[in-house]
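Visitor: So the chains spell out like this:
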Amino acid sequence: MADRSLVHIAFYAALIAALGLVPPVAIPWVAGVPITAQSLGVMLAGVMLGPVRGALAVLLFLFLVGIGAPYIVLAGGRSGMGVFASPSVGFLIGFPVGAFVAGWVMQSTKDMNVLVSSAIAAAIGGILVVYALGIPGVAMMTDLSLAAAAVGSAVYIPGDLIKVAITAIIAQTVARGLPSAILSRS
Amino acid sequence: MISIYLDKESWLHRLPAGVKLLVVAVVSIVLFQLDSVWVFLGGLAGVFALYASLGKDGLARLSVIRGLLMFFGIVLVLHWLSGTFFEGIVVVMRLTILFLAANLISITTRMDDMMEALMPLFKPLQWFGVQPRRFALGVTLVLRFAPHLMQIFAILREAYQARTGSRNSWRLLAPFAIHALRMSDNVAEALKARGGSAGLSR
Numbered sequence: 004m005a006d007r008s009l010v011h012i013a014f015y016a017a018l019i020a021a022l023g024l025v026p027p028v029a030i031p032w033v034a035g036v037p038i039t040a041q042s043l044g045v046m047l048a049g050v051m052l053g054p055v056r057g058a059l060a061v062l063l064f065l066f067l068v069g070i071g072a073p074y075i076v077l078a079g080g081r082s083g084m085g086v087f088a089s090p091s092v093g094f095l096i097g098f099p100v101g102a103f104v105a106g107w108v109m110q111s112t113k114d115m116n117v118l119v120s121s122a123i124a125a126a127i128g129g130i131l132v133v134y135a136l137g138i139p140g141v142a143m144m145t146d147l148s149l150a151a152a153a154v155g156s157a158v159y160i161p162g163d164l165i166k167v168a169i170t171a172i173i174a175q176t177v178a179r180g181l182p183s184a185i186l187s188r189s
Numbered sequence: 103m104i105s106i107y108l109d110k111e112s113w114l115h116r117l118p119a120g121v122k123l124l125v126v127a128v129v130s131i132v133l134f135q136l137d138s139v140w141v142f143l144g145g146l147a148g149v150f151a152l153y154a155s156l157g158k159d160g161l162a163r164l165s166v167i168r169g170l171l172m173f174f175g176i177v178l179v180l181h182w183l184s185g186t187f188f189e190g191i192v193v194v195m196r197l198t199i200l201f202l203a204a205n206l207i208s209i210t211t212r213m214d215d216m217m218e219a220l221m222p223l224f225k226p227l228q229w230f231g232v233q234p235r236r237f238a239l240g241v242t243l244v245l246r247f248a249p250h251l252m253q254i255f256a257i258l259r260e261a262y263q264a265r266t267g268s269r270n271s272w273r274l275l276a277p278f279a280i281h282a283l284r285m286s287d288n289v290a291e292a293l294k295a296r297g298g299s300a301g302l303s304r
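Chains as they are written, first to last, in our numbering: chain G, 4 to 189; chain U, 103 to 304.
Just so you know, these hints were derived from the structure itself, not from any lab. Treat the hints loosely; a few may be bogus.
Some chain U residues judged to face chain G by a derived CB distance under 10 Å, without partners named [claimed, not checked]:
#, residue
1, Lys122
2, Phe134
3, Leu183
4, Thr211
5, Leu223
6, Leu227
Over the 12 Å line for every Cβ pair with chain U, so calculated as not near, a few chain G residues [to be verified]:
#, residue
7, Asp114
8, Met115
9, Gly180
These numbers come from a predicted model, not from an experiment. Cβ atoms here follow ideal geometry from the backbone N, Cα and C, with glycine treated the same way.
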């Protein structure tokens, strides 16, 4: 693996961390559920880096959260081994898988417009896959039925849809301003 | 708080990281087999005692549980709606013990000791061509990038505030991405110019 790839992986791992420190925004039309920017970083890692490097970036980030590195925290300031013993652990497992799938979708839709293809990639990888692992995780940790766990998790989906739109806009802007940075397509 | 680690001398600090990880892993598996309120009450008392054994600042670290309180509330409501309120209480107790126990490892273990203890788990990455040395370089790069990225964002935000008067906007994200990506390209080139990761001295 080239050094350049290593730098890019580290870069997106740091980006996911930095986005976790952006203060959450409450969306008024869904009962003020706080949305954080962190999963935006996961979507971007997949869309921009492609499947393998995107997933590795997320894994590197999770590793640093686990060992309690300074500044590298989950949204809300959580860090350390405790995050893997928390009810949202399924979502954390879903993050690298989601980034992988997002990168894969992005790669396999190469002939499509960047805006459209990155939106599809972020929605499938960043929402569908992440929730497909996150909801059973919540159900397992809390002894709730899958349906109840899904209801409890669904409040975050509107926020995630906004992040899909932002991912697509960023991918589109970068494709114009710095096309070499869309590594999933080069 | 920049880091979760509590810089201090205690018997828990002296215990090897691998032992702590193993104990908590076993405890977690056992906790999922149990659902007795009395055992969990004992467990809670045990975890509190462990935090207390670290002294006053150890007890203060119990406040991390605040981050999960809203979640616990939602779990209780959902259990109540499904007619299993009592199970909900048991679940919340189990999760509290689990979370506090795992968190205790991070409070009492230095980052590099933790890294060493966890390295074996990352062996499979070698199949993707990630050598341990590169992995270490990757970790270092993230540690340097993260604060730097926040700095870039802060600069863009100040400029935006000066121009428009409003503090924050999603419009900053795309220029931020481009600035930050340029920076990472520069780092990649600088690394290459110095002989790449193979040229780094140990």
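Visitor: Take the hints in turn and mark each one as holding or not.
Guide: Quick rundown of the hints versus the structure:
A cut of 10 Å between beta carbons decides the hint on U/Lys122: the least distance to chain G is about 9 Å, and the hint holds. Annotation: interface hint on U/Phe134 holds; nearest CB of chain G at approximately 9 Å, less than 10 Å. With a cut of 10 Å, the hint placing U/Leu183 at the interface with chain G holds, because the nearest CB-to-CB distance is about 7 Å. With its C-beta approaching chain G no nearer than about 8 Å, U/Thr211 sits inside the 10 Å limit, and its interface hint holds.
With a least beta-carbon distance of about 9 Å to chain G, the hint placing U/Leu223 at the interface is held under the 10 Å criterion. With its C-beta approaching chain G no nearer than about 8 Å, U/Leu227 sits inside the 10 Å limit, and its interface hint holds. Every CB of chain U is more than 12 Å from the CB of G/Asp114 (nearest about 24 Å), matching its label as outside the interface. For G/Met115, the requirement that its beta carbon stay farther than 12 Å from each beta carbon of chain U is met, with the minimum near 20 Å.
With a minimum CB-CB distance of about 5 Å to chain U, G/Gly180 fails to clear the 12 Å threshold, and the non-interface call is violated.
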